[in-house]
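Student: What follows is the residue order along each chain.
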Amino acid sequence: MAEPVIETRDLKKTYKDVAAVNGIDLSVERGSIHGFLGRNGSGKTTTIKMLLGLTHPTSGEARVFGLTPNDRDEGVEARRRIGFVGEEKGTYDFISVGRMIRFTSSFFPRWDREMEERLLAKFDLPLKQSVRTLSKGMRAKLALLLALPRRADLLILDEPTEGLDPEITEDVLQILVGLAASGETTIFFSSHRLNEVEQIADQVAIIDRGRIAVLGALDDLKDSYRRVTAVFDWEVPSQLSSLAGGMPVKSDGRVLSVLTNGGTDEIVNRAYSFNAVSVDVAPVTLKEIFIECKRTDAE
Amino acid sequence: MLWRKTWWESRIMFWLCLATLSGLVVLLMFNISSNTGWVERLQRDAGGWNEETRQALPALATFQGRVWVLWFKLALGALLPFVAMCWATLAPGCASPWTGVKLDKDRLFMLSLPVSRREILLTQAGMSCGQLWLVAVGSSLLLPVISHWKGQWYSIRDALIFASLSFLGVLVFYFTTLLMMVIFDNGIKSLLLSMLIFAIPFHPSRVVESYPRWHITRLIAGEDYFLHGQIPWLALIVSLLVSASLLYIAVRVFERRDF
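The listed protein sequences correspond, in order, to chains Z and S.
Residue numbering for the first sequence follows my numbering, starting at 1 and increasing by one per position.
Residue numbering for the second sequence follows my numbering, starting at 1 and increasing by one per position.
It should be emphasised that the hints constitute simulated quantities derived from the structure, not laboratory data.
Keep in mind that the hints are not guaranteed to be accurate.
[Said to hold, decoys possible] Just a sample of chain S residues kept apart from chain Z, beta carbon distances all over 10 Å, derived:
id, residue
1, L16
2, M29
3, F30
4, D45
5, A56
6, C129
7, S155
8, I197
9, H203
10, P204
11, Q230
12, L234
[Unchecked claim] Reference listing, derived: stretches of chain Z covered by chain S, where coverage requires no fewer than 3 residues with Cβ under 8 Å from a Cβ of chain S:
id, segment
13, 65 to 76
14, 80 to 86
15, 89 to 96
16, 100 to 114
All residues carry an ideal CB built from backbone N, CA and C; glycine is no exception.
Between the sequences and the hints, there should be enough to build the whole structure, so can you do that?
Tutor: Following this line, the structure appears as structure tokens:
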């Protein structure tokens with residue numbers, strides 16, 4: 001089996017007494033598109049910073065291409081193979097778009113000029129305009145333009161489509177899928193736009209309070225999770241409040257709804273045993289899994 | 001390319017400082033009036049000065065002596081350390097100026113590139129030092145030019161040596177502030193702390209009288225070269241060793257920091 005592109009073992013980062021990342025075990029395979037999800041402050045950005053060598057782990061281990069990112073020499077070698085778009089879309093305000101591109105491309109010998117020109121045309125970025133005067137959306141486009149043509153083996157993208165209009169977003173997603181389809185590029189990206197993650201990711205990790213709450217292939221997750229909706233003639237029986245073995249139950253008058261991760265048949269049978277009028281089992285979206293994970297944790 | 005980027009981000013500061021110091025040289029040179037009052041003042045105050053300064057009275061009474069006191073000892077000697085400290089806080093390549101917030105995103109971009117933190121910091125320090133030297137030398141070279149234009153004479157060699165001594169002396173100020181910046185990531189705090197470290201023990205209070213040998217202003221003003229015609233090698237070596245140590249610590253701290 002090929003060595004994972006990203007591998008973390010019990011990765012922890014603590015700031016004073018607060019655990020930003022609290023024991024993450026991740027393995028990202030080559031050529032995969034890995035969605036990295038979590039609410040604000042869940043530890044996504046800290047994890048990404050540790051993968052880039054910007055932040056040192058308190059304990060545990062992070063490896064990218066088998067290299068240690070916070071080692072001086074290995075970190076440089078790892079970053080040479082990484083394309084990164086930060087959440088803030090950081091670029092230099094004091095130079096023009098053209099200079100920004102030349103500056104960035106100088107660090108990447110395999111820079112793809114053809115893709116650069118294609119993206120320049122698609123994004124309609126004016127080369128001579130100062131970065132300072134770019135709108136938020138234009139900055140997001142520039143940040144992508146500075147990351148995608150690197151011919152990177154790994155793209156780490158933190159909210160890459162934030163600020164982009166739907167048409168450009170679709171183009172960017174197609175580019176990402178195309179890059180991953182070649183088998184050469186691995187994509188590790190975080191996003192709050194779950195429909196986009198669902199559209200392109202084949203692996204998903206949901207992080208909450210510094211821990212991995214859900215991890216696996218997106219198709220497997222969607223197969224294993226089901227929404228069970230039971231309708232009763234009267235109020236939902238109180239005995240069904242612990243129906244899902246830990247998963248939170250929503251009941252609204254005569255209707256009970258529960259998201260299950262296994263044991264669907266048992267829940268259906270239990271609902272019928274309490275004289276449910278009808279029981280419906282339906283597939284779920286990533287958004288439902290994400291929200292339910294947050295609710296489970298909160299409760 | 002890292003050098004070019006460092007130049008792009010610091011060029012305004014460079015031109016501003018060069019223009020300001022050059023403007024001061026021009027103002028000073030066009031306001032040096034006749035030597036009469038200057039010589040009278042030297043003779044009047046000489047009694048209160050140390051022996052070393054009294055022995056230098058003939059040299060101080062010349063046009064060259066007056067230019068040295070007014071420019072290298074007073075103006076450049078007081079301004080260049082401050083410029084160096086400000087330079088260390090304003091160069092945004094490694095540490096953000098003033099609040100640590102505004103340039104955080106730029107910094108993350110820089111640090112995500114395949115370049116080591118050591119290289120980033122050393123490039124920034126190298127560029128700043130080069131610019132500081134050019135500012136010191138560039139403005140000081142106007143002295144012989146304007147002197148010649150006014151029918152006086154001032155040695156180009158002396159201007160170069162005095163300016164270079166000033167530059168080498170203020171490196172301690174620059175690297176102290178740079179170290180503060182990588183530790184505290186706050187321009188105002190770093191500047192104030194650096195000023196506190198130097199302002200109390202090295203307060204430049206003497207106009208003509210020479211400073212003791214341990215005083216950094218003696219090196220910055222080039223007193224040994226003016227008074228005795230000697231390059232103060234020992235002071236230079238000590239000063240450069242302290243600067244190198246400060247840079248070494250700054251690099252180590254920068255490499256260990258979280259962003």
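Student: Indicate, hint by hint, whether the structure satisfies it.
Tutor: Outcome of the hint check:
At roughly 14 Å, the least C-beta separation between L16 (chain S) and chain Z is larger than 10 Å, which holds for a residue marked as non-interface. Here M29 (chain S) stays apart from chain Z, with its beta-carbon at least about 34 Å from theirs, past the 10 Å limit. No beta-carbon of chain Z is positioned within 10 Å of the beta-carbon of F30 (chain S); the least distance is around 35 Å. Every beta carbon of chain Z lies more than 10 Å from that of D45 (chain S), the smallest distance being close to 49 Å; the non-interface claim holds.
Listed as a non-interface residue, A56 (chain S) keeps its Cβ farther than 10 Å from every Cβ of chain Z; the least gap is roughly 47 Å. For C129 (chain S), the shortest C-beta to C-beta distance to chain Z comes to about 21 Å, beyond the 10 Å cut-off, and the non-interface label holds. The Cβ of S155 (chain S) lies farther than 10 Å from every Cβ of chain Z, with a closest approach of about 39 Å, so its non-interface assignment holds. Against chain Z, the non-interface label of I197 (chain S) holds: every CB pair exceeds 10 Å, the least being about 28 Å.
Residue-level check passed: H203 (chain S) sits 36 Å from the nearest beta carbon of chain Z, beyond 10 Å. The Cβ of P204 (chain S) lies farther than 10 Å from every Cβ of chain Z, with a closest approach of about 34 Å, so its non-interface assignment holds. No beta-carbon of chain Z comes within 10 Å of the beta-carbon of Q230 (chain S); the shortest separation is about 42 Å. Against chain Z, the non-interface label of L234 (chain S) holds: every CB pair exceeds 10 Å, the least being about 35 Å.
Restraint check on the segment 65 to 76 of chain Z versus chain S: 4 residues with Cβ-Cβ distances below 8 Å, three needed, restraint holds. Counting residues of the segment 80 to 86 of chain Z whose C-beta sits closer than 8 Å to any C-beta of chain S gives 4, which meets the bar of three, so the coverage hint holds. For the segment 89 to 96 of chain Z, the stated coverage by chain S is satisfied: 7 residues place a CB nearer than 8 Å to a CB of that chain, which reaches the threshold of 3. Evaluation of the coverage hint for the segment 100 to 114 of chain Z: fulfilled, as 6 residues show C-beta separations to chain S shorter than 8 Å, against a requirement of three.
Hint check: no violations occur; every hint is consistent with the structure.
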